[in-house]
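Given chain A, put chain B in place with the hints provided.
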Amino acid sequence: MMACRMLRPEKLEEWLAELLRSERRLIAPQRQGEDVVFQPVQTVDDITLDYINTRWPVKAWFFPPSEPVLRYRYQGSGVELEQPNMALEPRVIFGVRPCDAAGLAILDQVFNSDGEDEFYTRRRTMTTIVGLSCTHPAASCFCTSVGLSPTASAGSDLLLTPMGDAGYLVETLTARGEQLLWEYGHYFAAGECRSKEAVTEAAEARMSRQAALAQGIELSERLFEHPIWAEVARKCLGCGVCAYVCPTCHCFDIVDDSDAWGGVRCRNWDSCGFSLFTRHASGHNPRPQQDSRYRQRVLHKFSYFPQRWGRLMCVGCGRCVTNCPVNMDIYATAQAVLQVQGVKHET
Amino acid sequence: MSERYLIEYLSRDSERLPAMRNIYRPHLMTVEDIRDETPDVRTLRLAFQDQAVGESFAFVPGQFGEYSVFGAGECVFAIASSPADRGHVECSFKLMGKVTHALRDVEIGDTVGFRGPYGNGFPLESLRGQNLFFAGGGIGMAALRALIEYCLAHRQEFGHITLLNGARSVADLVYKEDMVRWAEQPDVQLVRTVDPGGETADWDGEVGFVPAIIEKLAPQPEGTVAITCGPPVMIKFALLTLERLGFPQERVITTLENKMKCGLGKCGRCNVGPVYVCKDGPVFTAAQLQALPRDF
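Respectively, the protein sequence lines represent chains A and B.
Residue numbers for the first sequence follow numbering that gives the first Met the number 0, beginning at 0 and rising by one.
Residue numbers for the second sequence follow numbering that gives the first Met the number 0, beginning at 0 and rising by one.
Check the hints yourself; a few may be wrong.
What the hints assert, rightly or not - Over 10 Å on every C-beta distance to chain A, these chain B residues come out as not near it, computed from the model:
{"no.": "1", "residue": "19"}
{"no.": "2", "residue": "54"}
{"no.": "3", "residue": "67"}
{"no.": "4", "residue": "95"}
{"no.": "5", "residue": "109"}
{"no.": "6", "residue": "128"}
{"no.": "7", "residue": "188"}
{"no.": "8", "residue": "207"}
{"no.": "9", "residue": "220"}
{"no.": "10", "residue": "278"}
{"no.": "11", "residue": "287"}
{"no.": "12", "residue": "294"}
Claimed, not checked - Sample of chain A residues at the chain B side, in silico, Cβ under 10 Å:
{"no.": "13", "residue": "77"}
{"no.": "14", "residue": "277"}
{"no.": "15", "residue": "286"}
Source of the hints: derived by calculation from the structure; they are not laboratory data.
Every residue gets a Cβ at the ideal spot worked out from N, C-alpha and C, and that includes glycine.
Isolated chain A (complex conformation):
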């Protein structure tokens, strides 16, 4: 379904302005203090293209930090269930970096298969992702190490890649993307598919972190019990920020919140870094120390998820690295663990 168009630089703003007037809600990167964040657009002037990546991944627009999955009302000794209200509006999210879009493709596997989670899936179905390739990766970025690239298309419906003065190369990747292009075709010049290879190579050349992590970690009993976990986790405070800023972390808790008349059952973001995460009612905790919890985080991303779903659960955005209050670094950890794994192969 690969088709290419070009979007002239001066047409971009016009297109966004028309999108803003359309029935679709436009969500795009905007400056907020020091940060750039995804916000519903009020005026096109608020949209910024001057960012390496947004403060938060786009995850929360599909899987919010807290949301009701059920409402109920007490009726005598009975209970009446209600479906939670979901604001279901067609949306376009513009300017999603390839790493964060790839994060959505990963979340799709969890939420959108084998028992569809309608809250996530409905939002996904109603949202068109316009990706924006990355030309100037940050020092903390390592997408190529995990098998992606600054111009990777996974998870985007349309992907715009800046091609200098010529404007943006537009890749149409899904039916949703085709639909958007069909509606706004007059902004896009038809043309031959130009190669984005040079842009990709130039962006990759700017990346300092280029280790080979894409093959994942091969788990063995020796590796699982290895002292390296205690070593790498020693600093960990168990604050959970790494999970909250992660485009792919999706663990959640389900709790009730009620009053005398009824209540809501909410699902809230959770983190495997928290000590209560796996603690049984009996007090038994399969992961009693922070090293076992951090081991879970690393192995879930680099071993367990790949075994189950055939791809890593890390997109190399580097947010967990830059946000960690004690400078823990999953990129360095994965390398160190792979080194331990490698030693086994040599002996």
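Positioned in the frame of chain A, the structure of chain B alone reads:
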């Protein structure tokens, strides 16, 4: 681009969206009966309020559900009733935390929530024609009860059945009435034991931890499958004892009781390595557990 895509796009969404079902929405259940098994273990008998759902509801022994008190939250327990008991499920729970305290407070006629069945259940096909050696400790018997009821209802399909039931004390033995009924069935041997110090003056059962009694009973591994459930420390030593008696790991079955929230393989809480207890378990053979990282 052609109009075809617009039509395809819109029709797909409009057809698909209403068909989706809220996977977190529980069935409403009426509390029909309450039985106190021990001072801190209670069994609730729940009837589906939607009769059609109740009639079509089916499960495999060993599967579990999410039981909820509206206002307190959800909790995972095994479905403890017989699969033949249509329109109902039973759960047995020990008073521990917020939800079990709330469940303790419900009365007959009250409404609670139930969603399930989840998980794999016991491998019935590989049990048929075998002698069965059950060893349950404490509230762990709840996970075995549905299977015991199933096996006794299909008595001719299974060989000799041994039921070993242990608890901390005589007062803590669950399913006392069921035990009497089960022991009356043909070719069923019931052995009950309490931890040392937990016996009463008139106690006529065994005294000793479950693994020690397994050793004493020394079931023959040939033609026998051992099924054990109980607290982690009991399981650990029960598996060692069964191994010592010569049971191959493929013929020792147990359940993992990890903390769970969704029951659907999404919330990321119950995994042991790449295995999700809620999807791939909770029933595992000792051989399967052996292959997993020690993370349970």
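Which of the numbered hints are not met once you compare them with the structure shown?
Numbers 1, 3, 4, 5, 10 and 12 - these are the hints that the structure violates, sorted from lowest upward.
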